[in-house]
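Novice: From first to last, the protein sequence lines are chains A and B.
In terms of my numbering, the first sequence has 42 at position 34, counting the first letter as 1, and numbering is strictly consecutive.
In terms of my numbering, the second sequence has 47 at position 43, counting the first letter as 1, and numbering is strictly consecutive.
Quick caveat, the hints were computed from the structure, so don't treat them as lab data.
Any given hint could be a false lead.
To be verified - In silico DSBU-like links for lysine-lysine, alpha-carbon gap of 35 Å or less: (1) B:LYS102 x B:LYS41; (2) A:LYS84 x B:LYS41; (3) B:LYS26 x A:LYS84; (4) A:LYS84 x B:LYS74; (5) A:LYS53 x B:LYS207; (6) B:LYS41 x A:LYS53; (7) A:LYS53 x B:LYS83; (8) B:LYS74 x B:LYS186; (9) A:LYS84 x B:LYS207.
Unchecked claim - Derived contacts from chain A toward chain B, CB cut-off under 10 Å, selection only: (10) ILE30; (11) THR50; (12) THR51; (13) LEU74; (14) ARG81.
From the three backbone atoms N, C-alpha and C, an ideal C-beta is built for every residue, glycine too.
Residue-level listing of the chains:
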Amino acid sequence: MTCTEFLALLDDVIDDTVTAPIRTEIEHHMHDCEHCEVVFNTTRKTIEIYRSHELYDLPSDLRERLHAAIMARCRKGC
Amino acid sequence: MSTIQPIAREDEQHPDVALVEKVRAGDVSAYDELVRKYDRQVFRIAQHITQNREDAEDVMQDAFLKAYEKLNQFQGNSKFYTWLVRIAVNESLMRLRKRRTGKMVSIDEDVETEEGSVPRDLADWAPDPEQNYSQSELAEILRRTIQGLPPGFRIVFVLRDVEGLSTEETAETLGLSVPAVKSRLLRARLQLRERLSRYFRKKTGPVLTQEKGN
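Just chain A, same shape as in the assembly:
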């Protein structure tokens, strides 16, 4: 497996949608290629960090205000 082939499969590996034989090939490639191993680990970490950090919180007072406005309009039939 070349690094280009590895990169083409990167998303599928991260999302766990590859077959077992392909996964084995990828693991062998990463064992031999430090750069691709870094790309895999850091890309996976990138997703994990974005998934686990709330960047745009909705404060409860704003939430209640918006919620009240929405429901008032709905009750009037919008």
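Given the structure of chain A, go ahead and fit chain B onto it with the hints provided.
Specialist: The following block gives chain B in isolation, referenced to the frame of chain A:
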């Protein structure tokens, strides 16, 4: 080798369908439940697209009102959530167009860039790189980094990786083909990785040289 596990998905018999039926039958309080269930996600998506707090507030209201008005058009063959997200994305893009008067804004904008298609920064990251920053510093880094992505990549990454839509749902929501979503997702992930690398890479200390004769 661990992988990113998809966010847990629910069965076809989704409880939202029952709530939608109640609303259609005239029970407005059931809509209240739907709003509370998804308001945070809609607000977050709107902020990611518009990058403006006031616009996100307007989008959240408009999206829920539009969904309420169009509830009879909801077929039930897609999830209520993805149907709602589609409305929120469209409302967000309309807000962006209003802000950038005269300039078309679409999810196809700026996707021709080659940036990030090949990883360049190959330095490994610190074991828990986010620990080197305070919560507010980290949030600022993450916001600034994702805001730098072209809109067409940013929206795909947010829907697919942050909000947990499937590739197919993301494609349906954005009116894109599945291969287009896959291609944008890979580029978005690689670009974010590349940009975060400058904050998270392992710090290399000064090289210690041994004195001769030791």
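Novice: All hints are to be evaluated individually against the structure, with a verdict given for each.
Specialist: Hint check results:
1. Proposed proximity of LYS102 of chain B and LYS41 of chain B is supported: the alpha carbons are some 28 Å apart, at most 35 Å.
2. The hinted pair formed by LYS84 of chain A and LYS41 of chain B meets the criterion: a straight-line CA distance of about 22 Å does not exceed 35 Å.
3. Simply put, LYS26 of chain B and LYS84 of chain A have alpha-carbon atoms about 17 Å apart, close enough for the 35 Å limit, and the pair holds.
4. In summary, the hint linking LYS84 of chain A to LYS74 of chain B is supported, as the alpha carbons are separated by about 15 Å, within the 35 Å threshold.
5. As the CA atoms of LYS53 of chain A and LYS207 of chain B are separated by approximately 17 Å, the hinted pair is consistent with the 35 Å bound.
6. Restraint check: the Cα-Cα separation between LYS41 of chain B and LYS53 of chain A comes to about 28 Å, which is no more than 35 Å; the hinted pair holds.
7. Note on LYS53 of chain A and LYS83 of chain B: the hinted pairing holds, with a Cα-Cα distance of about 29 Å set against a maximum of 35 Å.
8. Taking the CA atoms of LYS74 of chain B and LYS186 of chain B, the gap is near 30 Å; set against the 35 Å cutoff, the hint holds.
9. Among the hinted pairs, LYS84 of chain A with LYS207 of chain B is inconsistent with the structure: their alpha-carbon atoms are about 59 Å apart, more than 35 Å.
10. Evaluation of the ILE30 of chain A hint against chain B yields a violated restraint, the C-beta minimum of about 12 Å exceeding 10 Å.
11. Interface restraint check for THR50 of chain A: the shortest CB-CB distance to chain B comes to about 5 Å, inside 10 Å, so the restraint holds.
12. Given hint, THR51 of chain A at the interface with chain B, holds; its Cβ is 5 Å from that chain's nearest Cβ, closer than 10 Å.
13. At about 6 Å, the closest approach between the beta carbon of LEU74 of chain A and any beta carbon in chain B falls short of 10 Å, and the interface hint on this residue holds.
14. Against a cut-off of 10 Å between C-beta atoms, the interface hint on ARG81 of chain A holds, since the closest Cβ of chain B lies about 6 Å away.
Figure legend: structure checked against the earlier numbered hints; hints not met, in rising order: 9 and 10.
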